[in-house]
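K.L.:
As a plain string of letters, each chain reads:
Number of protein chains: 2
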Amino acid sequence: MSTSVVPGASLIIAWQLKNRRVLLVGGGEIASQRLAALLSADALVTIVAPSPLHPTILSLITQYEHRITHIDRPFLFAPSDIDTVNPVMVLTAISDVQVSREISQLCRTSRIPINVADDPPACDFYFGAIVRRGPLQVMISTNGNGPRIAALVKDRIEQTLPEDVAMAIEKIGILRQKLRERAPDVGGKLGKRRMRWMTRICNEWSFTDLAKMDQNTMDKLLDEGWEQDVILRPRDVLPHSSHFNLTLPPLDNFVAGFLAGICAATALGFIAFRR
Amino acid sequence: MSTSVVPGASLIIAWQLKNRRVLLVGGGEIASQRLAALLSADALVTIVAPSPLHPTILSLITQYEHRITHIDRPFLFAPSDIDTVNPVMVLTAISDVQVSREISQLCRTSRIPINVADDPPACDFYFGAIVRRGPLQVMISTNGNGPRIAALVKDRIEQTLPEDVAMAIEKIGILRQKLRERAPDVGGKLGKRRMRWMTRICNEWSFTDLAKMDQNTMDKLLDEGWEQDVILRPRDVLPHSSHFNLTLPPLDNFVAGFLAGICAATALGFIAFRR
Numbered sequence: 001m002s003t004s005v006v007p008g009a010s011l012i013i014a015w016q017l018k019n020r021r022v023l024l025v026g027g028g029e030i031a032s033q034r035l036a037a038l039l040s041a042d043a044l045v046t047i048v049a050p051s052p053l054h055p056t057i058l059s060l061i062t063q064y065e066h067r068i069t070h071i072d073r074p075f076l077f078a079p080s081d082i083d084t085v086n087p088v089m090v091l092t093a094i095s096d097v098q099v100s101r102e103i104s105q106l107c108r109t110s111r112i113p114i115n116v117a118d119d120p121p122a123c124d125f126y127f128g129a130i131v132r133r134g135p136l137q138v139m140i141s142t143n144g145n146g147p148r149i150a151a152l153v154k155d156r157i158e159q160t161l162p163e164d165v166a167m168a169i170e171k172i173g174i175l176r177q178k179l180r181e182r183a184p185d186v187g188g189k190l191g192k193r194r195m196r197w198m199t200r201i202c203n204e205w206s207f208t209d210l211a212k213m214d215q216n217t218m219d220k221l222l223d224e225g226w227e228q229d230v231i232l233r234p235r236d237v238l239p240h241s242s243h244f245n246l247t248l249p250p251l252d253n254f255v256a257g258f259l260a261g262i263c264a265a266t267a268l269g270f271i272a273f274r275r
Numbered sequence: 001m002s003t004s005v006v007p008g009a010s011l012i013i014a015w016q017l018k019n020r021r022v023l024l025v026g027g028g029e030i031a032s033q034r035l036a037a038l039l040s041a042d043a044l045v046t047i048v049a050p051s052p053l054h055p056t057i058l059s060l061i062t063q064y065e066h067r068i069t070h071i072d073r074p075f076l077f078a079p080s081d082i083d084t085v086n087p088v089m090v091l092t093a094i095s096d097v098q099v100s101r102e103i104s105q106l107c108r109t110s111r112i113p114i115n116v117a118d119d120p121p122a123c124d125f126y127f128g129a130i131v132r133r134g135p136l137q138v139m140i141s142t143n144g145n146g147p148r149i150a151a152l153v154k155d156r157i158e159q160t161l162p163e164d165v166a167m168a169i170e171k172i173g174i175l176r177q178k179l180r181e182r183a184p185d186v187g188g189k190l191g192k193r194r195m196r197w198m199t200r201i202c203n204e205w206s207f208t209d210l211a212k213m214d215q216n217t218m219d220k221l222l223d224e225g226w227e228q229d230v231i232l233r234p235r236d237v238l239p240h241s242s243h244f245n246l247t248l249p250p251l252d253n254f255v256a257g258f259l260a261g262i263c264a265a266t267a268l269g270f271i272a273f274r275r
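For the protein sequence lines, the chains are A and B, in the order given.
At position 47 of the first sequence (counting the first as 1) the number is 47 in this note's numbering, and the numbers step up by one without a gap.
At position 158 of the second sequence (counting the first as 1) the number is 158 in this note's numbering, and the numbers step up by one without a gap.
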């Protein structure tokens with residue numbers, strides 16, 4: 001988080017839905033995407049939509065039957081499905097704009113966050129393109145300038161993320177937890193030293209090396225590193241640490257080309273000379 | 001959005017706060033970062049915190065005085081500041097864990113989304129690292145595995161995003177708006193054709209070319225492209241379109257090195273031969 005202000009943004013947040021009830025109104029393709037996102041967030045979902053449902057929804061109901069309740073009819077206003085289901089969040093993805101807006105109005109009266117597909121003014125929040133790698137989630141929002149260009153930015157980001165980023169993040173999470181147990185201080189001097197030390201590990205080690213940490217590595221890092229307030233080098237603590245890197249950066253390509261050029265010219269010169 | 005489910009995630013959403021009231025409890029460094037994020041989202045902010053405030057907060061209050069109300073005292077429970085301020089969201093960033101948790105409890109009773117800095121169980125949502133480029137926002141969440149590694153991923157992503165991505169997104173947004181005015185259908189055949197055409201433009205044009213579009217380019221694209229259901233090429237419609245690209249991809253580095261190598265070897269051979 002930075003302290004510079006550039007107006008015109010959304011507040012992007014990671015909503016916690018584990019075991020919390022969400023009401024999804026609609027049974028089509030968009031609803032199937034919403035359902036997948038909700039299940040990834042470990043939510044409990046009530047789907048209100050008359051059959052037939054989109055095949056993906058049917059298959060998700062089979063896979064996650066303990067998490068999904070299907071009410072096989074259109075949304076009911078009196079008594080309202082919002083009152084009976086009592087959800088922490090409502091998503092609608094139906095073609096009837098009027099019904100969606102009435103649901104949105106109901107939600108706002110009851111202070112329940114609502115997203116209406118394809119109707120920004122009726123929404124408290126929007127969705128974006130998501131890149132997921134284990135514990136890492138990257139969300140791309142163009143603030144309403146078009147889903148397709150968000151998908152393009154997403155493709156770029158997917159290509160950039162190192163292969164081992166998910167594993168590196170998981171391992172850092174475990175190391176951080178172990179360190180917290182050793183030095184459980186919050187906000188004080190020890191807490192600050194802990195943050196500094198974690199920052200140095202993250203800065204001085206590559207994603208690849210972080211991903212390779214095992215229990216043994218972590219214990220060594222803590223026993224011999226943290227206790228002395230130093231950062232051990234990957235090659236001193238990692239098992240089977242490999243320091244040979246096969247991917248050549250651009251400059252090495254130039255050097256490789258240069259050498260190949262010398263060889264080629266020398267060979268040609270040699271042939272010409274022999275003649 | 002995809003339809004694959006990988007549990008253990010958050011639901012990442014872009015919350016709309018324009019002209020909506022948020023209560024921020026705390027006046028330190030974390031609170032200053034929260035304030036900047038809220039102002040970027042065009043929120044109205046009530047800060048409850050006794051002086052002295054963090055210098056960044058003081059300077060933001062001066063810059064955005066019409067958006068910020070400062071109540072110069074600790075949080076009050078009876079009558080509760082939540083009832084009197086009536087916010088759509090509450091953020092706390094104070095060192096008193098007990099007070100934070102009581103505020104969190106109050107918010108949950110009133111169904112007001114709450115974030116308590118550094119206390120995940122008391123939060124309805126978390127923040128992450130943010131990359132901002134004009135209308136583009138990219139949010140990086142490691143789902144609680146550490147802010148430092150999120151910052152590393154953020155650095156990588158910042159390096160990847162093309163220079164002109166913000167401008168490209170803005171221009172696509174304008175083109176999309178113009179097209180919507182020509183073909184205002186939602187959900188029907190024309191709407192689908194519109195989405196297909198926008199997707200093709202985004203796929204076939206580079207970010208650099210999209211960023212170069214002016215009103216004239218857009219009108220041509222729509223008059224001569226959309227109306228015939230074709231995608232015109234950048235070089236046929238862009239003003240002063242430049243097709244010369246100075247950045248060499250890695251392979252060209254190899255080729256350049258190869259040629260340099262041939263020159264070097266030939267020159268050396270020539271010198272040796274002259275002797």
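Each hint should be verified, as a subset may be incorrect.
Since the list can't tell identical chains apart, any single copy or any two copies may satisfy a pair.
[Said to hold, decoys possible] Simulated pairs of lysine-lysine, BS3-like, Cα-Cα distance not exceeding 30 Å:
#, residue 1, residue 2
1, Lys154, Lys18
2, Lys220, Lys18
3, Lys189, Lys18
4, Lys220, Lys154
5, Lys189, Lys154
6, Lys154, Lys178
7, Lys192, Lys154
Simulated from the structure, these hints should not be mistaken for lab results.
K.L.:
Please work out whether the CA atoms of Lys192 and Lys154 approach to 30 Å or closer within one copy, between two copies, in both situations, or in neither?
P.N.:
between (35 Å within a copy, 22 Å between copies)
K.L.:
Quick one: Lys220 to Lys18, C-alpha cut-off 30 Å, is that within a copy, between copies, both, or neither?
P.N.:
Classified as neither; 35 Å inside a copy, 50 Å across copies.
K.L.:
Can you give me the call for Lys220 and Lys154, within, between, both or neither, at a CA distance of at most 30 Å?
P.N.:
This pair counts as between: shortest inter-copy Cα distance 29 Å, intra-copy 38 Å.
K.L.:
Evaluate Lys154 and Lys18 at a C-alpha cut-off of 30 Å and name the case that applies: within, between, both or neither.
P.N.:
both (26 Å within a copy, 26 Å between copies)
K.L.:
From the Cα coordinates, with 30 Å as the cut-off, is the pair Lys189 and Lys154 best called within, between, both, or neither?
P.N.:
between (40 Å within a copy, 27 Å between copies)
K.L.:
Could you place Lys189 and Lys18 in one of the four classes (within, between, both, neither) given a Cα distance threshold of 30 Å?
P.N.:
neither (33 Å within a copy, 38 Å between copies)
K.L.:
Checking Lys154 and Lys178: alpha-carbon separation at most 30 Å within a copy, between copies, both or neither?
P.N.:
Answer is between: at 25 Å across copies they meet the 30 Å cutoff, but 33 Å inside does not.
Going down the numbered hints, you'll see the structure goes against 2, 3, while the others check out.
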